[in-house]
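**Q** One point on numbering: in the numbering used here, the residue at position 219 of the sequence shown is 1350, and numbering is uninterrupted.
Derived from the structure by calculation, the hints contain no laboratory data.
Among these hints, one or two may not hold up.
Stated by the list, open to error - Once the Cα atoms are required to be at most 25 Å apart in a straight line, the calculated BS3-like pairs of lysine-lysine come out as: (1) Lys1292 with Lys1341; (2) Lys1350 with Lys1176; (3) Lys1350 with Lys1340; (4) Lys1379 with Lys1364; (5) Lys1221 with Lys1152; (6) Lys1418 with Lys1152; (7) Lys1499 with Lys1592; (8) Lys1379 with Lys1200.
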Amino acid sequence: MKNLKILKKKIKIDREIITIKLPFFIVIFIFLYVSLIPPFIFIRKGTELNKDLISPRTIEIIDEEATQKEIEKALENAPIFYEYNPDIDKEVLSNFEELSNYLRNWREGDKEAQQKIYDRFGMTFETEFLIQIRNLDEKRFNILIENTHKILSNLLFNGFKSEDYNRLNEMIEGSLLKNLSTEEVNISFEIIKNIIKPNLVINSDLTEKKKQEIIKSVKPITIRIGKNEVIFKKGTIIGDEELNTLKKYNLIFTQRDVIKIILIILTSIILTYLIFTVLNNKKEISKKEILYSVIIIFLSLLFGKLLRNPFLVPIFLTTNLLILFFDFSISTIFITLIFIFYSIFFTNSFLYILLSFFISIIFSIKGKSINNINDFLKIGLIAAFFNLLNLFLFSYITTSISLTNITILNLIYSFLNPLVSSLILVVIVPFIEKILSKTTSIGLVELLNINNPLLKEFIIKAPGSYQHSINVSTLSQVAADSIGEDPLVAKVCGYYHDIGKLVRPEFFIENDSLGISPHESISPSLSALIIISHVKEGVELAKKYNLPDIVINSIKEHHGTSLVSYFYTKAKSIDPDVKEEAFRYPGPIPSSKIAGIIMLADSVEASVRGERVDQKEEIIKFIDTIVDSKIEDGQLNNSELSFKDIKKIKDAFGKVLVSIYHERISYIEKSRDIREKK
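Turn these sequences into a full structure, and let the hints guide you.
**A** Now the structure itself:
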């Protein structure tokens, strides 16, 4: 017996591996394999081709060598930006004045002048140069100094760069040398050469920025081979050059690819294991949901692989299809997996893909809190504009595409991608909801449409009950929002909680417009049975019209096992031995916070409206009494509502009911009083 249990457990584990984990592994392995492993072309050096070697796919690679040559050619004419430093002018001219004084002192017999020049400027003049200076008479020396000063000033005024040292002679204007002899010109050159400094310094930031702009402007030179295009013709003998070409195109299988395949298998196993470890810790997911996620991931990766255009891949569509149907933490796991593959598919567009995923996730979360379909389409439109900005940002900061070469098609693709995805989602999400038996915001807002057949019938046949449901819906929506539950779910559940009343609407007081109650002609037990049956009939109608499980549960649980007290009291006055169980709803009691809120909102709204309470204090007191009675009756034991939640719900009910039922001024009476006073 024990061995049989172990065998059954093993079979169950094996089935789980085959039906749930294996599909994930296969999808991951396939796309890792086709992304990282080249086609198997077993070809060796010296092989003579007995047929044309055809490219198995379209290959487009950047010719790095040719592109680099183009960049170098463009950089040859790159401008250099200089920054002028006026302090250098002052320093050079000041140094010249000081040097002139030292040379004058030398002429006048100061033997230490040469040493002082060295100590001050670190320069040494040859003896021949100093002799030439001494041999000049006073007048010629002054002319020399004056002309040299003019030359220095002129050079500095025109801007002097470090590379100008090599063409100093060319830069000196001939007019400044006319008054000097050949010997004096040489002396002037020697002084200038030693004393001048560059006053134009390269501005590295501006120069580098310009270089980068030039580099970005160079369009990469690509080598493109179309699918089925002949790479080498029949009879070609494969040599080193041919092998290098095949390696460049990633069309040759090497021993490293064997290691790659092993690593891909291991990576696929590890990723599958990690994904399911996280999923098991988060929340149990059905096989149907696992299959759905595998299909979505497979299709998104297939589109990414086939389209080969980062602006066309359906990121917004995929993200919504996951976030709408799964918990955020779970959908994030799947989205991260897709993002990893897209990063491999579109290496050059990594930043664009990353930002596209961020935009899609943000607007997908926003899409979970819509109030109507138009809101969802607006979200798609706003996401389209953000995606367009993403393209411009991407083109601005990357070298793979620039602002000048953005094509009209890329602009259209980026804009229409989220917009078209929104339209597709509106169409396909209702079908997916039925398959997965799950509810999304898109499906929920459709249920609020008054053109919905069931809701339309409810409005016509039971208008009073419908109005009550509207009020319950408003109360539930505000209360759910106050405790962090989904207000849209609460609103829809409030709309449909009493849908069973349209079967026999005349038996419910809110639909009694003539003041004639059919309960007066039947027994209290039959009346209670009719009242209680609206829950069962509501569930049947909800199933017939394919309402979501969460709505069906709220219909089933919104009265719990509460007592139909009015008819029970009436029956007890006739027969004291009547059993209370016959006058209680069959239940079950609320099993979620939303169902608990619907129960409380239903009871509070009906009681406050029935008693015609219009004073704020009385309304608050009424709410406390009704809610506390439900707690004492044990109706909220399974709802997971905490005392803190109850306090917030009461406050929310109070704000809404006070605004609906507060005491109003009789404007007719008031106007009559004014006329009478006149």
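**Q** Work down the list of hints and note, for each, if the structure agrees.
**A** Here is how each hint holds up against the structure:
1. This hinted pair checks out: Lys1292 and Lys1341 have alpha carbons roughly 20 Å apart, not beyond 25 Å.
2. Distance check on the hinted pair: Lys1350 and Lys1176 sit about 34 Å apart at the alpha-carbon level, beyond 25 Å; violated.
3. Our distance criterion of 25 Å between C-alpha atoms is met by Lys1350 and Lys1340, whose separation comes to about 18 Å.
4. For the suggested pair Lys1379 and Lys1364, the alpha carbons sit about 18 Å apart, so the restraint of at most 25 Å is met.
5. Annotation: proposed proximity of Lys1221 to Lys1152 is violated, straight-line Cα distance about 80 Å (limit 25 Å).
6. A hinted pair counts as satisfied when its Cα atoms are at most 25 Å apart, and Lys1418 with Lys1152 qualifies at roughly 10 Å.
7. Distance hint between Lys1499 and Lys1592 is unfulfilled; the C-alpha atoms sit about 32 Å from each other, more than 25 Å.
8. Distance check on the hinted pair: Lys1379 and Lys1200 sit about 18 Å apart at the alpha-carbon level, within 25 Å; holds.
When held up to the earlier numbered hints, the structure conflicts with 2, 5, 7 and fits the remainder.
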